[in-house]
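Enquirer: Listed below, chain by chain, are the residues.
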Amino acid sequence: MTGRPSPDTLPARPRFNWRDFFRRAGWLGSVGIVGVPVVTVVAVLAPWITPFDPQLRVAGAYFPPSAEHWFGTDEIGRDLFSRVILGIQYTWLPGLAVIGFSLTFGSLVGLISGLIGGKVDLVIERIVDLFLVLPGTLIALAVVASLGPGLVNTMIALAIVWWMWYARISRDEIRRLKARPHVEAARIAGVRGPRLLLRYLLPGVVPALLIGASLDVANVIMTMSLMSFLGLGLPAPAPELGAMTSRTLDSLTVHWWLPILPAAIIFLLCLLANLAGDGIRAALRGA
Amino acid sequence: MLAYLTKSIIGAIVVLLVMSFIVFGLQSIIPADPARAIAGPNAPLETVEAMREQLGLNDPAVVQYGRFLLRLAHADLGTSVRTRQPVYDDIRQYLPATLELGLAAIALGVALAGVMAALQFLIPGSGGIRLVMVGVGSTPIFLSALLLAYFFWFRLDWLPGAGRLAYRDFAGPTGLNVIDGILVGRPEVSVDALLHMILPALALALPIGIAVGRSLNSALHEVMRQTYIRTARGKGLSETKVLLRHGLRNAATAPLSMVSLQVRLLFGNLLVVERVFGWPGLGLYTVQAFASADLPAVLGVAIVFGILYILVNTLIEIAQSIADSRIDL
Amino acid sequence: MVKLSHRMSESVTEPVLAVKDLSVILSREGRPSRVLDGISFDMFPGEIIALVGESGSGKTSIGLTLQGLLPREYQPQVAGSIRLAGIELVGSGRRTWQSARRHLVRAISQDPMGALNPTMTIRRQMRESNGGCEGSIEDWLSRTGLPDPDRIADALPHRLSGGQRQRVLIAMAMVARPKLLIADEPTTALDVTMQAQILDLLRDLARDQQTAILFVTHDLTVAASLADRVLVLYAGRIVEIGRMQDVARNATHPYSAGLLAARFDLDSDRRRPLPTLPPEHTHSINVEDACAYATRCPIAQPDCTAIRPPLELASVHGGAVACLHHEQTPYLSAQRADAKPWPAQAIQETAALRLSSIGKTYPTGARSFWGRRKPQSVLRSVNLSIKLGECVALVGESGAGKSTLLRIAAGLVVPESGTVTRFDKLPPQVVFQDPVAALTPWLTIGEQIGERLRAVSLDSDYGRRRVGEAMKLVGLDPVLMDTLPAEMSVGQCQRAVLARAIIVPPRLLLCDEPISAMDVSLAATTLNLLGDLRRRLDMAMLFVTHDLAAARIIADRVAVLKDGELVEVADPDAIIAAPQSAYTQSLIAAMPSLQAAGGR
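Protein chains in written order, with UniProt numbering: chain A, 1 to 287; chain B, 1 to 329; chain C, 1 to 600.
Among the hints, erroneous ones may be present.
[Claimed, not checked] Straight line, CA to CA, 25 angstroms or less: simulated SDA-like cross-link-like pairs of lysine to any residue:
#1 K7/B with D324/B
#2 K241/B with P76/C
#3 K241/B with S403/C
#4 K7/B with A179/A
#5 K241/B with G135/C
#6 K241/B with S99/C
#7 K374/C with L134/A
#8 K374/C with A179/A
#9 K374/C with S321/B
#10 K472/C with P341/C
#11 K7/B with R126/A
#12 K119/A with S8/B
#13 K20/C with C133/C
#14 K472/C with E487/C
#15 K387/C with P273/C
#16 K241/B with E134/C
#17 K374/C with S8/B
#18 K178/A with W442/C
#19 K178/A with C133/C
#20 K119/A with R407/C
#21 K241/B with Q75/C
#22 K241/B with M113/C
#23 K374/C with E125/A
#24 K7/B with A319/B
#25 K20/C with S55/C
#26 K119/A with L311/C
#27 K425/C with G193/A
#28 K241/B with R94/C
#29 K387/C with Q376/C
#30 K178/A with S403/C
#31 K241/B with K387/C
#32 K241/B with T96/C
#33 K20/C with G86/C
#34 K241/B with L156/C
#35 K7/B with D129/A
#36 K472/C with P273/C
#37 K387/C with W342/C
#38 K241/B with P341/C
#39 K178/A with L443/C
#40 K178/A with A517/C
Derived from the structure by calculation, the hints contain no laboratory data.
Turn these sequences into a full structure, and let the hints steer you where they fit.
Expert: Below, the structure is given as structure tokens:
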């Protein structure tokens with residue numbers, strides 16, 4: 001507010017360290033940033049850490065939540081908590097995979113577009129624009145409806161409507177950086193080719209991609225569970241969280257825990273992912 | 001303006017062509033055989049083959065695509081496998097219910113967004129509101145729909161939570177019950193239609209309100225840091241006038257884009273909400289089509305939603321150019 | 001409000017503004033810092049006071065405090081007294097402040113491009129300023145020298161040029177007939193000719209409307225051409241206050257004396273390095289009981305860090321000064337006069353760079369349906385050559401095409417016609433306007449300076465040694481080799497940029513407005529450094545600037561560019577003594593000068 005920052009009293013900005021990173025992320029963001037790896041570990045280890053066998057009848061049907069069966073039991077007496085834990089695997093890991101694939105493919109396309117420029121950029125941009133104005137969820141639904149329900153098809157459908165966001169981000173960032181004086185200065189200093197890309201351009205693109213991707217995890221998971229809810233996921237016995245809610249929808253008024261608890265877990269996953277995304281944004285941008 | 005209209009019509013045609021191409025491509029690569037599907041699983045091979053010939057499935061792909069486009073141009077979306085009706089007729093029957101719900105959801109969502117942004121703006125540094133917003137924004141649509149139905153309908157019985165209208169045999173001229181009730185002079189129908197709409201519209205409006213509200217809030221924060229805001233304050237204007245006259249209009253572009261993004265997600269959410277509340281619209285129709293692998297119905301709805309989406313997008317672009325006169329259409 | 005205006009009409013000899021012991025504390029990220037400390041001064045109707053200081057001195061904060069517009073996120077704590085037209089403002093309520101802003105105090109800012117609401121017509125913004133009345137809007141627009149006020153009133157801001165916007169802002173402020181106008185660096189973003197016109201306008205307003213003007217600037221020369229009195233601010237404290245001519249002639253505080261010595265104009269001595277202020281060493285000294293300037297002050301005594309100097313009567317000019325040893329200040333300027341002159345520079349006849357009939361167009365305006373845009377010519381058949389060891393300054397206003405010409409010389413832009421010939425294969429190096437933006441934020445400055453060595457050797461010990469040598473050459477401590485640009489000051493970044501350019505000395509160094517965003521003292525330091533390096537390393541130099549005074553100091557020849565054409569190329573002193581083209585004449589006439597400032 002006093003015009004430019006004073007030239008010689010500029011506060012020294014310390015280098016990257018985790019303590020500082022978490023401080024800027026805030027406590028909510030830190031909860032998310034810590035929570036996401038924890039959820040991932042749970043998802044990977046799910047089959048081994050469920051208290052009961054999720055596929056077997058372990059008690060009577062429709063037990064409400066209790067100390068022994070935290071989430072109660074379902075219509076044939078399976079432990080709902082164990083099924084939900086396994087469900088995390090079916091929801092979380094494919095979600096990460098969709099983000100990972102879209103991120104890799106999209107940012108590659110964006111990098112090519114931004115780096116080469118000219119006609120190539122123009123053509124790629126038009127294609128990206130087109131994908132951006134298509135109603136994504138609708139296309140994904142139509143794709144899965146056509147290819148047939150299933151996890152892999154859902155993932156393919158989502159990647160088809162998701163990659164272009166990262167193409168857009170990385171292309172815009174590359175172009176923004178390319179016009180910055182420091183990249184021009186590096187060029188004048190004789191930096192060329194891969195060295196220019198790896199040392200002077202990519203480190204500037206990564207934060208924006210990281211922020212975009214981390215904020216998207218929850219979106220992908222929500223869309224996937226929505227498709228699973230609509231019956232476009234795996235067939236019946238599979239413990240997909242969205243499908244579990246959908247199948248027991250009609251018992252809402254009698255056995256509320258059956259539809260609501262799996263949905264609540266999806267909520268928890270999305271909440272953690274969103275908090276982490278917000279935290280990462282705040283930490284990297286200082287927003 | 002004329003140039004803009006031309007451009008947006010051309011753009012719309014391109015988008016529709018691409019959508020139709022994807023849709024057609026899907027139809028031709030699916031492993032399931034539509035001829036077999038129509039003829040039934042136990043039909044003899046000759047019947048299926050005759051059906052293939054009848055459906056033109058033996059022609060080259062380009063010819064099939066041309067025929068497909070031609071049929072589209074004549075609003076012929078094929079015949080539903082499930083209802084055995086032309087998809088076009090089905091859509092005409094179910095569209096008004098969805099339009100009514102969708103428009104109500106968008107209106108309610110934008111209103112919510114205003115409230116959210118105002119709350120966040122007036123109570124600065126409130127981690128509480130932020131947490132609520134992130135929380136609501138992380139709620140899957142079926143959970144919020146379920147919770148709303150469970151509490152306000154089943155538990156408290158304040159509002160109806162199933163169907164569209166208590167008057168079974170009411171049918172008005174436009175199909176939009178709230179308007180029809182007034183048109184035919186039965187206001188009690190309009191009131192009942194509104195009551196039925198509150199819960200599903202609220203479920204749909206929550207994500208719109210959160211996303212647009214957050215976008216509006218951050219745009220406002222950005223704008224209120226600008227020098228021209230200081231100029232406005234320097235004129236001795238009250239803070240409310242500064243915010244409304246100078247802040248809001250300059251902050252409108254990004255939230256409006258967010259509305260268009262949210263409308264895109266609304267189509268998916270409509271399916272869920274109509275399923276949860278038993279709302280007899282296109283969404284429910286589509287969900288039922290999924291269940292019976294009724295591809296023509298699904299694709300027909302996709303095309304109609306695509307057209308609606310393009311319309312909404314164009315309206316939003318016009319709104320943006322009104323808010324910011326520097327944007328030339 | 002009736003009350004306010006009534007009080008004013010009682011007496012005109014009463015000060016319109018009386019500031020007493022004003023202190024402001026702002027908190028950033030929870031850390032409070034005192035940005036203004038014990039400020040007291042009066043202003044009378046029609047008086048122009050220049051508020052002078054470097055960036056960070058708190059000069060902008062004073063303006064904001066007087067308007068009650070300090071950013072709320074910094075939790076401002078204001079103490080002391082501000083009486084504006086008899087109304088006490090410190091501690092008063094929101095309504096009093098709003099009323100004061102509406103009727104008594106207005107401001108124009110250093111950023112005319114951003115200070116107008118982009119989505120509202122000028123007329124509506126003016127009307128708002130005029131309490132909702134339509135009257136006298138066009139009258140004021142035309143009084144500020146805007147042609148066709150009716151058309152301008154109905155335009156949106158983005159249709160207007162920077163100079164026009166600044167006039168609109170002045171009209172917008174004046175339409176409310178304020179008692180006090182705060183002008184915060186109103187001309188820094190404008191070209192010299194425009195600057196001169198705006199300064200004239202302000203001078204007339206103060207005289208005709210009896211508006212008191214607080215003119216905030218870092219440039220003493222500009223201040224001298226306008227102000228009645230001057231107030232020198234350092235680290236949030238007034239260090240000297242007095243009549244403008246007196247302080248310009250006999251600066252009594254070592255800081256004001258340093259600022260005065262460091263500014264340069266068309267009459268400065270160009271045969272030797274410019275005097276500069278000592279750089280700021282530290283910001284950790286406890287200034288509560290000390291002179292804030294003590295760590296930089298060349299005449300500081302032990303007691304300077306133990307006692308806070310009070311503002312006392314300065315016998316030399318009848319103003320006031322806050323320095324325990326101000327009687328020593330005159331010796332300071334005497335010391336500076338005998339700096340060693342620059343060594344003679346051998347200029348060879350061979351050209352380091354030859355630009356012949358360069359032409360370049362840029363597409364402008366809106367894209368047509370097919371994405372084409374109308375081409376507009378920026379450079380038309382420009383011929384310019386720079387000899388080995390010679391420095392040529394390219395002078396012109398914004399939009400003249402000077403940066404484009406530099407980029408063509410650097411090989412960054414390909415001209416549409418004409419040829420670029422360079423003496424050798426070694427590419428020229430470029431110094432950009434903003435030194436902070438020219439450094440990659442995530443690489444240490446050592447890595448960036450050493451980048452050009454990779455062509456010579458990949459050995460890292462050798463590299464570090466050479467980087468260290470280059471840093472020493474530009475006056476940068478080699479200890480800073482492993483720091484990131486964000487950890488350094490602007491001045492240090494500028495030196496790092498220069499070190500990168502000269503680590504393998506190029507034959508030709510291209511500088512694109514390297515000092516235009518800098519305070520006077522940093523600008524002088526940079527000019528000295530460039531002058532030293534080009535002589536020591538025997539580099540030819542193209543120095544692009546809008547500042548004729550800087551061009552004259554640094555260059556052997558000055559080339560004047562107008563609308564893409566060279567209008568004049570000659571020896572700097574010859575150009576200033578006898579400008580050949582009308583355009584150069586107008587540039588020179590518009591230059592503010594300390595000597596010419598006696599007029600007021």
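Enquirer: All the hints need checking, so say for each whether the structure fits it.
Expert: Status of each hint after checking the structure:
1. K7/B with D324/B: holds (20 angstroms)
2. K241/B with P76/C: Satisfied, since the Cα-Cα distance of roughly 23 angstroms is no more than 25 angstroms.
3. K241/B with S403/C: Roughly 42 angstroms separates the two Cα atoms, so the pair is violated.
4. K7/B with A179/A: violated (30 angstroms)
5. K241/B with G135/C: holds (21 angstroms)
6. K241/B with S99/C: holds (14 angstroms)
7. K374/C with L134/A: violated (32 angstroms)
8. K374/C with A179/A: Holds, at roughly 22 angstroms.
9. K374/C with S321/B: Holds, at about 24 angstroms.
10. K472/C with P341/C: holds (22 angstroms)
11. K7/B with R126/A: Satisfied, since the Cα-Cα distance of roughly 14 angstroms is no more than 25 angstroms.
12. K119/A with S8/B: holds (23 angstroms)
13. K20/C with C133/C: violated (35 angstroms)
14. K472/C with E487/C: Given that 25 angstroms is the threshold and the Cα spacing comes to 19 angstroms, the pair holds.
15. K387/C with P273/C: holds (22 angstroms)
16. K241/B with E134/C: It holds: about 19 angstroms lies between the C-alpha atoms, which stays within 25 angstroms.
17. K374/C with S8/B: holds (24 angstroms)
18. K178/A with W442/C: holds (15 angstroms)
19. K178/A with C133/C: violated (49 angstroms)
20. K119/A with R407/C: Given that 25 angstroms is the threshold and the Cα spacing comes to 24 angstroms, the pair holds.
21. K241/B with Q75/C: holds (23 angstroms)
22. K241/B with M113/C: The given pair, whose Cα atoms are some 22 angstroms apart, holds under the 25 angstroms limit.
23. K374/C with E125/A: holds (23 angstroms)
24. K7/B with A319/B: holds (17 angstroms)
25. K20/C with S55/C: Cα-Cα ~23 angstroms, so holds.
26. K119/A with L311/C: violated (67 angstroms)
27. K425/C with G193/A: Holds: K425/C and G193/A sit about 20 angstroms apart, inside 25 angstroms.
28. K241/B with R94/C: holds (14 angstroms)
29. K387/C with Q376/C: violated (31 angstroms)
30. K178/A with S403/C: Satisfied, since the Cα-Cα distance of roughly 18 angstroms is no more than 25 angstroms.
31. K241/B with K387/C: Not satisfied, since the Cα-Cα distance of roughly 61 angstroms exceeds 25 angstroms.
32. K241/B with T96/C: holds (17 angstroms)
33. K20/C with G86/C: Between K20/C and G86/C the Cα gap is close to 13 angstroms, so the pair holds against 25 angstroms.
34. K241/B with L156/C: holds (20 angstroms)
35. K7/B with D129/A: OK: K7/B and D129/A at ~15 angstroms, within 25 angstroms.
36. K472/C with P273/C: holds (19 angstroms)
37. K387/C with W342/C: Distance of about 19 angstroms is within 25 angstroms: holds.
38. K241/B with P341/C: violated (61 angstroms)
39. K178/A with L443/C: holds (16 angstroms)
40. K178/A with A517/C: holds (23 angstroms)
Violated hints, listed in ascending order, are 3, 4, 7, 13, 19, 26, 29, 31 and 38; each of the other numbered hints is respected by the structure.
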